[in-house]
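Protein chains in written order, with this note's numbering: chain A, 1 to 308; chain B, 1 to 308; chain C, 1 to 308; chain D, 1 to 308.
Some hints here could point you the wrong way.
Which copy is meant is left open, because identical chains are indistinguishable; a pair holds if it fits in one copy or across any two.
Unchecked claim - Computed list of lysine to aspartate or glutamate pairs in EDC-like fashion (alpha-carbon distance at most 20 Å, straight line): (1) K280 <-> E160; (2) K269 <-> E294; (3) K95 <-> D24; (4) K9 <-> D132; (5) K75 <-> D7; (6) K177 <-> D226; (7) K302 <-> D235; (8) K280 <-> E298; (9) K95 <-> E61; (10) K75 <-> D35; (11) K305 <-> D235; (12) K305 <-> D237; (13) K302 <-> E64; (14) K95 <-> D226; (15) K305 <-> D99; (16) K280 <-> E117; (17) K280 <-> D132; (18) K95 <-> E222; (19) K269 <-> D237; (20) K280 <-> D7; (21) K9 <-> E185.
In case anyone wonders, no lab produced these hints; they're calculated from the structure.
Since this is a predicted model, take the numbers as computed values, not measurements.
Listed here are the chains, written in short residue letters.
Protein chains: 4
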Amino acid sequence: MSLLTNDAKGVYVISVTPFHDNGDVDFDSLDRVTDFYLEKGATGITVLGMMGEAPKLTQAEAREIVARVISRAGKTPVVAGVSAPGLAAISELSKAVMDRGAAGVMIAPPGSLRTDEQITTYYSQACAAAGDGVPVVLQDFPLSTGVQISVPLMGRIIEENDQIVMLKHEDWPGLAKISALRDAESKGRRRISILCGNGGVFLPEEMARGADGAMTGFGYPEMMADVVALADAGDMDRAQDIFDAYLPLVRYEQQPGLGLAVRKYALVKRGAIASAALRKPGAGLAPAAIAEVERLIERQTKRLKEIG
Amino acid sequence: MSLLTNDAKGVYVISVTPFHDNGDVDFDSLDRVTDFYLEKGATGITVLGMMGEAPKLTQAEAREIVARVISRAGKTPVVAGVSAPGLAAISELSKAVMDRGAAGVMIAPPGSLRTDEQITTYYSQACAAAGDGVPVVLQDFPLSTGVQISVPLMGRIIEENDQIVMLKHEDWPGLAKISALRDAESKGRRRISILCGNGGVFLPEEMARGADGAMTGFGYPEMMADVVALADAGDMDRAQDIFDAYLPLVRYEQQPGLGLAVRKYALVKRGAIASAALRKPGAGLAPAAIAEVERLIERQTKRLKEIG
Amino acid sequence: MSLLTNDAKGVYVISVTPFHDNGDVDFDSLDRVTDFYLEKGATGITVLGMMGEAPKLTQAEAREIVARVISRAGKTPVVAGVSAPGLAAISELSKAVMDRGAAGVMIAPPGSLRTDEQITTYYSQACAAAGDGVPVVLQDFPLSTGVQISVPLMGRIIEENDQIVMLKHEDWPGLAKISALRDAESKGRRRISILCGNGGVFLPEEMARGADGAMTGFGYPEMMADVVALADAGDMDRAQDIFDAYLPLVRYEQQPGLGLAVRKYALVKRGAIASAALRKPGAGLAPAAIAEVERLIERQTKRLKEIG
Amino acid sequence: MSLLTNDAKGVYVISVTPFHDNGDVDFDSLDRVTDFYLEKGATGITVLGMMGEAPKLTQAEAREIVARVISRAGKTPVVAGVSAPGLAAISELSKAVMDRGAAGVMIAPPGSLRTDEQITTYYSQACAAAGDGVPVVLQDFPLSTGVQISVPLMGRIIEENDQIVMLKHEDWPGLAKISALRDAESKGRRRISILCGNGGVFLPEEMARGADGAMTGFGYPEMMADVVALADAGDMDRAQDIFDAYLPLVRYEQQPGLGLAVRKYALVKRGAIASAALRKPGAGLAPAAIAEVERLIERQTKRLKEIG
């Protein structure tokens, strides 16, 4: 397998972790949803992300999931989230997933970090913990982590840590950060890949600002593949038309805590996984929410037909 | 003037506070934007909200703004935000705005509150501070305040404080909370008005769940008026068609910190205020952002024409 | 080995985890410090606590440490911290440590919890995850976790979860909480053991309010053993004399982040462990801090002689 | 009156705001406690601090309190806290207190700040808001504000803002920060005054690290005056003896939320104010707490006699 590089682009889908209704990992569905992502245009897959319910897994499960997806995904690169409260756990999991063939690891900062000093120190130590030469994706998701990384600080981290080849960008608001990073690169700083998160809710603008694609989940990953491809081809109007058709559901999936249940509901409906169950303490969708999702999907289908 | 009651409905627009480029309050624009809101379908106006840059105002300015809007709005009810770190300041400002003819006051919980006990105690004290018989709007906005109010706790606060006649609903996710509140009312708890915030980004679903309307801002408040009116009339499909046409811009305006600059930009463009300036420490829109907004407005206009 | 019960009392020392200078766990020192704690009056030992650098350990290390301390401690009960971001990890570690002979497990709430509803639900799920019949210690440490548990909520959790036999009390301020819990018990609620933390900085008052002892660390654990024994014997004046002699150092050890380095420094000085090294990202003591600690220890020794 | 300079030293007592039992400001007691502070060795007085219940005051009350204390304090410099959510309020209050003769203003960062960029920008704007040439005290109190300022960032803020002449130091742990600031000054950075807070709980060590004194409250401010004077005279042993005698009560007063009630209780007992009442939502001391305080005071008196 090949390693992640700073020219990665396209759509790295944040994979769900399918469970049986009893809470066990459903490996058959994991195979199926991996196939599904590839069919829908994924150029990479990211496992053990927050929306992959990583913190709810045992380490043994985590490793098995990574191995299974890598095996199924073939030549498609697989990135594994290895965020943990401590460096030893990061080191252990990083070694495990890289040994199994991962293309790189993703690390979000622990919520206890506050000052610029703490954050830069952390990423130096985390890169060392990930292992010499292991490609690292920096996940910048303040809404979830509580850690805010300013543009100058992001630059400093990139300059100090060659292992960081990619930014999983989900600051909010974050468009200006993409522009600032690309601007610094145009003035000589080394390039990194920027794949955007937040469920794709700003994907057209992010592409126009210089992002390389998306790294996020959504029940209809073909939306992301289409928008990224059209943006790359310069057809922003068509990209936005498609995006707009999906936006009501994208928005609905963006509800913190609830969004993953919506996503899994859509994946079940589409035959990609067997059960929409979240592992505890996650909850499923209430009937009123299901009705809302069904209505949005119906309208989405109709609108997609209208725009052809 | 009349007082706010628990059957209030429609759209209470969260008014911007217009400033001159030098940072002074622009009272002429305040008149103009008040007229604008009324023309676009506002059934009420809320001043001194977070998006009204209330924390950046001196108390003298705050009072003058309330008096000016009340005078301009005629019979339309005006609600004033009176949130403050201390009860004495709440009491002082509440008396001032009620004396000037406000229909009620809005209070968000201070960010230091954590436990259910602290939150209920706070609202009892805050209602007393607001003044005997003064109608209170409870602003439930955890993303901004950090204070989370569960459904049972919300019920307890409503039961303990008759002065609370309205919920400014902007929990996220929050649809289930609306359903739960209405359900409790169907079983006997006194009714409160529920007007929804968050820039209207879930307005169709909120109306379907039993909300009475919206209390939020958006550069195109007619969207909210239309959606609320159509939902009231039972035409949810048409409501959603209109909503969907505006959604790309609604989404763009939802960017924390940045959204108000977008909103003011639109209001200037529409002739409702003279300058898009935010008072410090707020920043304006970068050229790239302006281009994005212009593009979204252009597409929005086109799409609105398509749906007729 | 016997299980932890709700009449546990005395001093459960929060054990440090000794490391070699290169960051490896120093198991010989672990034996030695276990002996040291027992010699100084520990009635129990708690491993894998926050001050045991638990989040910095791999799971394999964590299990080995628990097994080693249990083996060395003989009949002295050993409690193991099993706090983790997810229930599956709690379940896995709890089973492992109970299989190895632990007397119970300790669980602090994850920092994401806010509302009373979320917290009670969490403890029901966490008790189930710990395993049927496994005694659970609830660690109530808001300064570190950010989760605040009010007195009524604590009562509710105790009533709903029979497995919780002990409170590791380190709310701050927290004296009134001890009184309130004991008061509720005098009116019929089942008793739980209350062992106090925070480095013992309020131990005399806590004992007077009805605590059963201490569960915390300090370089001189004999202070805690003496204070608890004297308080039990009703000699509060003598208890306070001894406490006051140690207080300047207790206070110095209470510095967040820095305190553990102080504690390990004292333990090295006293021959209980070989190296004061903290595992990364922990830092050691600067020379100025070492001089301050030495000075405090010297004065402490002198003062203890004065009071006999 | 003279303005605060960067060579200020001694003890600036954080004044309580005395209230009548009904919650009104008690101006007679304010005179009395001002006299009391001066008699006990204050070289300055700071009003409208957090422990002065500043957020609970109306602006009119705040101004009257400042004027009253300045008038009573004669030539003793008076610093006024002007922290507020917005710059306009800071500007307004700063102008008001400087016009009335304050020696300078104190500003803590609002809790919403996170990144180094945000914090430096804030202090530039806040200094401008305070008014041209107005001496500013930077209050660095992360436990309360949630804002962490690293040593490099503090240096940058000092270098960028000449108006900042003093640091109210209450980072925790914070001893290394004092050393680092003094070290940078020895290498050429302009000097600032460092007065320490946190109720004086680290005062001997802070003085030894290079602090200029204390700016905090405690029911027995003569402790701080004695410790600072003895440290200045090089008699650290005697300074520590006196400190240790007061430490059990200092520690007790350090309880967040509760400490101010303890302090006011001591001030009533000593005849400095008429009522220990806190303005709502503050609570008074329970009987058990009063008994604890009385016991600590009794022991403190005895111990002070012993050391002569």
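Task: Violated hints, by number in ascending order, as checked against the structure - done: 4, 6, 8, 13, 14, 15, 18, 19, 20
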